[in-house]
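**Student:** Whenever a hint applies, use it, and build me the whole structure from the sequences.
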Amino acid sequence: MPELPEVETVRRGLNQLTLNQEITGGDVLLDRTIAYPFSIGEFVDGIQKNAIATWHRRGKYLLAELAPSSSSSPSSIGWLGVHLRMTGQLLWLHRNEPLHKHTRVRLFFGEHQELRFVDQRTFGKMWWVPPGIAVESIMTGLAKLAADPFSPEFTVEYLAVKLQNRRRPIKTALLDQSVVAGLGNIYADEALFKSGILPETLCIDLQLKQIERLQTAIIQVLETSIEAGGTTFSNFLSVKGVNGNYGGVAWVYNRAGEPCRVCGTAIQRIRLAGRSSHFCLQCQTLRGVRS
807 MPELPEVETV RRGLNQLTLN QEITGGDVLL DRTIAYPFSI GEFVDGIQKN
857 AIATWHRRGK YLLAELAPSS SSSPSSIGWL GVHLRMTGQL LWLHRNEPLH
907 KHTRVRLFFG EHQELRFVDQ RTFGKMWWVP PGIAVESIMT GLAKLAADPF
957 SPEFTVEYLA VKLQNRRRPI KTALLDQSVV AGLGNIYADE ALFKSGILPE
1007 TLCIDLQLKQ IERLQTAIIQ VLETSIEAGG TTFSNFLSVK GVNGNYGGVA
1057 WVYNRAGEPC RVCGTAIQRI RLAGRSSHFC LQCQTLRGVR S
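Residue numbers (my numbering): 807 to 1097.
Quick caveat, the hints were computed from the structure, so don't treat them as lab data.
Yeah, the Cβ is synthetic: ideal placement off N, Cα and C, and Gly gets one too.
Check before you lean on any hint, since a few could be wrong.
Unchecked claim - List time: in silico DSSO-like cross-link candidates among lysine-lysine, alpha-carbon distance up to 27 Å:
no. : residue 1 : residue 2
1   : Lys855    : Lys1046
2   : Lys1046   : Lys907
3   : Lys1015   : Lys968
4   : Lys968    : Lys950
Claimed, not checked - Here are the simulated distance ranges between beta carbons:
no. : residue 1 : residue 2 : range
5   : Leu1014   : Leu905    : 47 to 55 Å
6   : Pro904    : Ala859    : 30 to 38 Å
7   : Gly847    : Arg974    : 40 to 48 Å
8   : Phe956    : Leu905    : 32 to 40 Å
9   : Leu825    : Ser845    : 26 to 34 Å
10  : Thr946    : Met892    : 15 to 23 Å
11  : Gly1070   : Met892    : 30 to 38 Å
12  : Gly1070   : Gln919    : 48 to 56 Å
13  : Gly1070   : Lys907    : 40 to 48 Å
14  : Arg974    : Ala1062   : 21 to 29 Å
**Tutor:** So, in structure tokens, the structure goes:
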């Protein structure tokens, strides 16, 4: 599933390619991709003849702020929301490019360009939120999100409060979007390695110094991955169809059995709450520190 760095990579690409261009129409090839409104015709009518003012990211959600184009009325503006879920891709292509068999939605722009939503597993969703309606009332998952790691609210004190008195493994807690927005399996493993914390450590047993290291590590690994264009292990592509490169420099994720890049110990892999967790038993002790 695309995590914060992958979604941020897509957001930046969309802001480079799609801004201030009128959406001239659309074609929905899989009806259930549209989460709102329930009428496909209403979805297409709501977004077309508008331009995209800017793309925002909230956790793993993408939000396009729509603005009137020269030929539209102010009443037609609103928001276009996207969640890529497990295998979703947004690709900026020429309209003559052959359709991928998993193409679910096509949004048409000028000069024969289009934004295609390709989704093999079909879990991804799109929304049109009409003007005057709170986005969170339609895209209800937004209301449950915690602070974004790049927001001013994501402080050591904030994270300590979120983790205090929780008798659950820290790895499981980090995957909870009500604790940290946008973090997923890949970067939870990476942040725990850099902060020297074993994934099975209970939140209630963490000391403040460890939480300080963890808060810093979360931001660092996300920044590093964004610089690398995210991670591609299976489906992720940027808007231009380019693979992410972070996987080649990952500390522990997807490296079970390979030597630790720091100490040479074989990377371990366990199942924790139904998810794979990768770690170095030598480096990730209660007092371990990754730089």
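**Student:** Taking the hints in turn, state whether each one holds.
**Tutor:** Right, here's what the structure says about each hint:
| no. | hint | result |
| --- | --- | --- |
| 1 | Lys855 - Lys1046 | 24 Å, holds |
| 2 | Lys1046 - Lys907 | 18 Å, holds |
| 3 | Lys1015 - Lys968 | 15 Å, holds |
| 4 | Lys968 - Lys950 | 14 Å, holds |
| 5 | Leu1014 - Leu905: 47 to 55 Å | 54 Å, holds |
| 6 | Pro904 - Ala859: 30 to 38 Å | 31 Å, holds |
| 7 | Gly847 - Arg974: 40 to 48 Å | 45 Å, holds |
| 8 | Phe956 - Leu905: 32 to 40 Å | 36 Å, holds |
| 9 | Leu825 - Ser845: 26 to 34 Å | 28 Å, holds |
| 10 | Thr946 - Met892: 15 to 23 Å | 19 Å, holds |
| 11 | Gly1070 - Met892: 30 to 38 Å | 34 Å, holds |
| 12 | Gly1070 - Gln919: 48 to 56 Å | 49 Å, holds |
| 13 | Gly1070 - Lys907: 40 to 48 Å | 44 Å, holds |
| 14 | Arg974 - Ala1062: 21 to 29 Å | 23 Å, holds |
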